[in-house]
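Enquirer: Chains as they are written, first to last, in UniProt numbering: chain A, 1 to 323; chain B, 1 to 310.
Treat the hints loosely; a few may be bogus.
[As the list claims (entries may be wrong)] Derived lysine-lysine pairs resembling PhoX-like cross-links, with alpha carbons at most 25 Å apart:
1. A:K89 to B:K215
2. B:K170 to B:K103
3. B:K309 to B:K35
4. A:K249 to A:K40
5. A:K89 to B:K207
6. A:K93 to B:K207
7. A:K128 to B:K215
8. B:K30 to B:K40
9. A:K93 to B:K215
10. A:K323 to A:K241
11. A:K12 to A:K25
12. B:K207 to A:K12
13. A:K85 to B:K207
14. B:K215 to A:K85
15. A:K130 to A:K93
16. A:K130 to B:K215
17. A:K40 to A:K241
Please keep in mind that the hints were generated in silico from the structure rather than gathered at the bench. Computed from a predicted model, the values in this text were never measured in an experiment.
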Amino acid sequence: MSEVLLEVNNLKKYFPITRGFIKSKVGDVKAVDDVSLFIKEGETLGIVGESGCGKSTLGRTLLRLYDATAGEVRFRGKDVLNAPKDQIKELRKEMQIVFQDPYSSLNPRMTVSQIVGEALVEHGLYRKGKELDDYVVEIMNKCGLARYHMNRYPHEFSGGQRQRIGVARALALSPSFIVADEPVSALDVSIQSQVINLFTDLQRELNISYMFISHDLGVVRYISHRVGVMYLGSMVELADKNALFDNSKHPYTQALLSAIPHPDPTMKRDRIILEGDIPSPANPPSGCKFHTRCMYVEDICREEVPEFRDLGGEHFVACHLAK
Amino acid sequence: MAEKNIDLKPDNINVEEKSEIEQEILTPWKLIRRKFLKRKPSVVALIILGIIILAVILAPLLTVHDPYELNMTNTNQPPSREHKLGTDELGRDNLSRVLHGGKVALQVGIFAVVIEVILGTLIGGIAGYYGGWVDNILMRITEVFMSFPFLPLVITISAVVGVRISPEQKMYLVMVILGVLSWPGLARIVRGQILSLREQEFVLAAKALGIRNTKIIWRHLIPNTVGYIVVNATIGVASAILQESALSFLGLGVAPPVPTWGNLIQYARDMYNLQHRPWLWIPPGLLIFATVMCINLIGDGLRDAIDPKS
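The whole structure should be built from the sequences, with the hints applied where relevant.
Expert: Quick look at the structure:
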């Protein structure tokens, strides 16, 4: 396909656990632990995993909304994590985010046109006035909002419309990369499809790359070109959508895929039921993090951390046994 | 392309709603004005306060007598055609003194609150948004200010500098003291609100858009606390007016011969005046009450009008 837009190498984000009055550090929550990936231009990378596995933290850390603990993020070859302030401001125009909760992600005291237009004024692209308003309306139209919505407040909209406002806000600076942090999880199923279609239409029209974070495997399969699976802060498998869904290599991915509900209730399925609970990210298991619940576990899994390796054809897996 | 446009139509556009497009699009300010005007008590209060303020400002035009003009042959007169609210023990026209006295009360009330709101919002906003050691230092300072005992402090300051400055300067001193002593309460409220607001995703979104910190505080966080600020400010105006009256009443505030609503009541404080010359103390008392009441009602209406959800 096309060029690599975003490259993430060994990104780590640890949240310190502090205790007591003097806040002495007693450990780390390893929310994102050694994740590497890349996203090409005009491509959607789906990220799936159960709640608490670090999907959202990954998205926010690579946008520098959280300070990374270690690692490297390159956007068009430029270092993001160590960029000085003025360069960061330029990068903000290129990299945007859409949030999960359409309620808390919009300022209740700002009208739609203020929400969408604010960044344009801040970056000096437009001055307040008719030109700005026209551009804001253009963006709003693109996202399925009408001109008369301009001076309304977020609480006057439905969940789906609010999410469109969130998309319009992210789109206003015409970014080339958007982190979509579970943008449809809070929506009704019928509204979900509208918003997903909005995402795909915008991608076709504007050639935007997405990192689409979700726990809904059906949605991810529909929208993504490639899919990454996360478990306990680490990427366990990353491959082309079809390769991942039809020919998954990692036991965790296999278990996850077997949990997708099937529309036909009479059909017999080979459901893989995982034993035990997810270990705490503050104290992850040694070796392969999945070894405590893996049905194929061997001695090597308990001792050595598996390498995130390419099995060929850009199918990455972090498992000792996968072939 | 054509079919895609259909896809992108918002989920609620239908034929009836399209006529709404032709409707007037209200700007936020128009909306606030419209909502405020719907609140009858607030509108009435605004009109009454307007009349009081106008009367106070136009006092020199409305009264024939100078508030400082003594007339020893005409002391302690009951209301008459010449002196509508009678005269005081030095023969000064009481109506004139009541109207001129309002100037001090209103000035003190407004300036003290301006100081309070500026300091309180600024310090509370910065402490809440930045958190950590900034928050710690600012809140400790706030606590120091909160623990100043009001009356002993004012008595001391008045005693130390009171004799050396003119009555006019003393009035400004009172304003500053009232303002500086009242901001900590507001600062704590604003800080508490902002502490919870800054965890919301719209703040993260603003950061992702590259909005400056000062603008995040000013445009995203403070407007969400404006309800609390307005309520606090209106109560602040009222309490500053009352405190000024109390101070003047104790002889610590604005010194005679400058009239204020507070010290007018103070002069009328003896038993005989209270029983037999109600025209001396009822009008200033009533004006204090009316002003404070009006400001509170206006504040209520303003808070509701500003809140887009109401």
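Enquirer: Hints first: check each against the structure and report whether it holds.
Expert: Going through the hints against the structure:
The hinted pair formed by K89 of chain A and K215 of chain B meets the criterion: a straight-line CA distance of about 14 Å does not exceed 25 Å. Taken as a hint, the K170 of chain B and K103 of chain B pair is honoured in the structure, with Cα atoms around 14 Å apart against an allowance of 25 Å. Under the criterion of a C-alpha separation no larger than 25 Å, the hint pairing K309 of chain B with K35 of chain B is consistent with the structure, at around 11 Å. Taking the CA atoms of K249 of chain A and K40 of chain A, the gap is near 23 Å; set against the 25 Å cutoff, the hint holds.
Between K89 of chain A and K207 of chain B, the direct Cα distance comes to roughly 10 Å. Compliance with the 25 Å bound is thereby established for this hinted pair. Straight-line distance between C-alpha atoms of K93 of chain A and K207 of chain B comes to about 12 Å, which keeps the hinted pair within the 25 Å bound. Under the criterion of a C-alpha separation no larger than 25 Å, the hint pairing K128 of chain A with K215 of chain B is consistent with the structure, at around 16 Å. The straight-line distance between the Cα atoms of K30 of chain B and K40 of chain B is roughly 17 Å, inside the 25 Å bound, and the hint therefore holds.
Distance hint between K93 of chain A and K215 of chain B is fulfilled; the C-alpha atoms sit about 17 Å from each other, no more than 25 Å. Between K323 of chain A and K241 of chain A the alpha-carbon distance is near 18 Å, which keeps this suggested pair within the 25 Å criterion. Between K12 of chain A and K25 of chain A the CA atoms are separated by roughly 18 Å; this keeps the pair inside 25 Å, and the hint holds. The straight-line distance between the Cα atoms of K207 of chain B and K12 of chain A is roughly 21 Å, inside the 25 Å bound, and the hint therefore holds.
Annotation: proposed proximity of K85 of chain A to K207 of chain B holds, straight-line Cα distance about 13 Å (limit 25 Å). Proximity of K215 of chain B to K85 of chain A is assessed by CA-CA distance (about 16 Å); at most 25 Å being required, the pair is judged to hold. For the given pair, K130 of chain A sits about 22 Å from K93 of chain A by alpha-carbon distance, which is consistent with the 25 Å threshold. Distance hint between K130 of chain A and K215 of chain B is fulfilled; the C-alpha atoms sit about 22 Å from each other, no more than 25 Å.
At most 25 Å may separate the alpha-carbon atoms for a hinted pair to count; K40 of chain A and K241 of chain A meet this at roughly 14 Å.
When each numbered hint is compared with the structure, no violation occurs for any of them.
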